[in-house]
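Participant: Listed here are the chains, written in short residue letters.
2 protein chains.
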Amino acid sequence: MPQNPSGAALLDEHITLDAAGQSLLFTDARSANAFTDEPVSADQLQAIWELAKYPPTAANTNPLRILYVTSPDARAALVAHMAEGNRAKTAAAPVVAVLAADVDFHTYLPQLFPSRPQLVDHFGQDDDARAEAARFNAILQAGYYLLAVRAAGLAAGPMTGFDSAGVDATFFPDGRYRSLIVVNIGHPAADAWFDRLPRHDYEQVVRFV
Amino acid sequence: MPQNPSGAALLDEHITLDAAGQSLLFTDARSANAFTDEPVSADQLQAIWELAKYPPTAANTNPLRILYVTSPDARAALVAHMAEGNRAKTAAAPVVAVLAADVDFHTYLPQLFPSRPQLVDHFGQDDDARAEAARFNAILQAGYYLLAVRAAGLAAGPMTGFDSAGVDATFFPDGRYRSLIVVNIGHPAADAWFDRLPRHDYEQVVRFV
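Residue numbers (the working numbering), protein chains in the order written: chain A, 1 to 209; chain B, 1 to 209.
Because the hints were derived from the structure by calculation, they are not lab data. Please note that a few of the clues may not be correct.
Where chains are identical, the list cannot tell them apart; a pair therefore holds if satisfied intra-copy or between any two copies.
[Claimed, not checked] Calculated cross-link-like contacts (lysine to any residue; reagent style SDA-like; alpha-carbon spacing at most 25 Å):
#1 K89 x Y108
#2 K89 x R116
#3 K89 x Q118
#4 K89 x W193
#5 K89 x F172
#6 K89 x D18
#7 K89 x P72
#8 K89 x F208
#9 K89 x Q204
#10 K89 x N60
Note that the coordinates shown come from a computational prediction; the quantities given were computed from them, not determined experimentally.
Whole structure, please, built from the sequences with the hints as guidance.
Facilitator: Structure (structure tokens):
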């Protein structure tokens, strides 16, 4: 729920997305720390992508890649790379996704941006700039992805507390994908939530010039 | 609209957000390149924030800052830093936002995460790591922000084609904020859209291990 009455009134009056959608994606949605045993299906995971794929990236680069860590051995290997406080919940979550950036995303641009073939060379000539573009746009897509998980009626528990070099060495040994966020996904358990932390006031974040 | 029939069926069956919400935020929403003269109100901009502020950031850091460039002089200064192909639309948009990362976000953590006062020192001791955390989490919030603009019934035109060092020197001369994305916002004109570019197939993006 909005933390101030004027916030609630502004949402009522000026947001086109209906109250149920606002609640599902933004105002009442929370990062879950515990999940029920109810499984998440392969079709649900694909449906999440069928939403998350649409919002924009620079030059339609779409560098986000998703590794779903499902087998017991793979899950154990991932858990070993998590920060101590993230281990138990990552071991127990119905689904765990490693969100990563593909630093060779430009090899797909003939498919993704066929009218601008020069983009392949543009990104191909500078490995550092391409890795930074991959990271930037994959993080942006991670934001879309987290809201798409919520749109599927599921709870996400995104975490940056893990050894990303270790995750990359274990799961992406050829160096092409670089891990960004690990996300636990499922139906929230009754004790899934910490208290909501404060957010910035509008005046702390926004200026007009 | 989903680009494949199975995508549409998956959205129907497995997404809780209703069809209108899916369309507004994901499947039919597009990045606009031209806008009508209809203004965007101050209340609409605040309502966008009242949604965008909720989704998660690491350690509740919330480093995204928004500069709305409204005065004619400021708009002209911004346009001069845009890439050639972005100038006319940035000059003409009803509202233009510069999304930036606050590299000193940690000064707010006593407010944002009062139960973990050690976070201020944790982030305070390493300027480079803090700048990277600011960038990472502000880009994630930029993804939320773009979907919140759409939730307000408005169209966004996000751009990374601009001289960010020039924008920072002009608008953030003390070095605390670092520009990430410039976003044109308004009601889309009839000719606002390019053709939708392809997206990745599921199999190109997702793996299971």
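Participant: Taking the numbered hints from earlier one at a time, note which ones the structure violates and give those numbers from smallest to largest.
Facilitator: 1, 6, 9
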